[in-house]
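**Q** Sequences and hints are given; from them, build the entire structure.
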Amino acid sequence: MKIFMSILFSSFFIGLVAQNNQEINQSNSKGEKHGRWVKKHANGNIKYEGQFENGVPVGEFKRYNEKGKLISTLLYTDSGSKAAAHLYDMGKTMATGMYLNQKKDGLWKFYDKNEMLLLEEEYKEGVKDGVSKEYHSNGSLHVEQIYKNGTLTGVFKEYYVNGQLKIKKTFIDGNPDGIFMFFHDNGVPKVMGRYNRGIKNGTWKYKTRMNKVVKTEEYEGGNMTYTSEELITYWNDSLEIIRSREKYDKDGRSYFKAYHPNGKLHREGYFWKGAKDSTWNYYTFEGRLDTVRNFHHGKRQGAWTFKYPNGKVKVEEGWYLDRREGEYYEFYPNGKTRVKGNYTKGNKSGEWSFYDEQGQLIETKDFDKE
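Under this note's numbering, think of the first position of the sequence shown as 31, with each following residue one higher.
Please keep in mind that the hints were generated in silico from the structure rather than gathered at the bench.
Hints are supplied without guarantee of correctness; some may be wrong.
Simulated pairs of lysine-lysine, DSS-like, Cα-Cα distance not exceeding 27 Å [what the hints assert, rightly or not]:
no.	residue 1	residue 2
1	Lys187	Lys237
2	Lys329	Lys230
3	Lys277	Lys287
4	Lys245	Lys220
5	Lys344	Lys287
6	Lys337	Lys370
7	Lys70	Lys112
8	Lys199	Lys163
9	Lys395	Lys366
**A** Here it is in structure tokens:
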């Protein structure tokens, strides 16, 4: 009996050793991975372990970082084309979802360091497709949006921690389009406006928590054509030295002033729908008038005058549709004419006269004959 038990124990032990020492990292006759596979990092720690059948992963696969910490488990089904995934960071679940042909597919969930749900996203063949939800740290809904083939589409909603709606807008082909609403946390609208293919358009209103309008803006093709509030910028963070001021009127014009760092006026004039318009004055660092220029809807048009430091005119010229046009004069500092001529469509034309400082003619030149 003792001999029989000894033989039986020996057989069991030999079988157990054989099982633990089964061959790994083997391939079939076609060179495909087959059986149990274990790969290791350069430091000897396991990198991944799992089972193959004729080159196809089956069952559970585990992957580890160089320190030996588990970073993912994949459970393969459907001949290896599908895999349920669990991703880890420092031993805690970081994400769960499904892979289809090695691409994210279906619902994926992502978690923070406390394993609280942070984000839910739907995928199709590795691309966001469907509803996406983000959550606050207290578990309440933060953002809800929709993707179609990786592009934002449909209604976008963002919420405060208390569950109150914060922002509501609609996307078409990835661009905001239609009504935009931004609410205070008490539900009163804070900003109301409209987008047209991603560009601000029409009237935008800004309100206090008590529903009082404090500012109104008008946009046309993305350009602000009016604001009820004077726009002021500064040269520094202390808000001591003004850099520019701009005040709009209802006709789409704004009066703009810019200042040198020393506080002296640098330039002043009008904009019409974002383009320079009417008369603009330019001043030196010391505050002296240096140039007077005229514009029409962004184009140089009308008289331009340049001055000497003594205040006398240096150059007078005319512009039309961004080209010099009409009479042209240059003067000496003593006020005597230096050059007199004409421009036609941006080119010198006709007879030009040149004078010395006493006003005596010294040369004439006819540009029409050249």
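**Q** Compare the structure with each hint and give your call.
**A** So, going through the hints one by one against the coordinates:
no. : hint             : result
1   : Lys187 to Lys237 : 20 Å, holds
2   : Lys329 to Lys230 : 24 Å, holds
3   : Lys277 to Lys287 : 9 Å, holds
4   : Lys245 to Lys220 : 11 Å, holds
5   : Lys344 to Lys287 : 24 Å, holds
6   : Lys337 to Lys370 : 17 Å, holds
7   : Lys70 to Lys112  : 25 Å, holds
8   : Lys199 to Lys163 : 15 Å, holds
9   : Lys395 to Lys366 : 19 Å, holds
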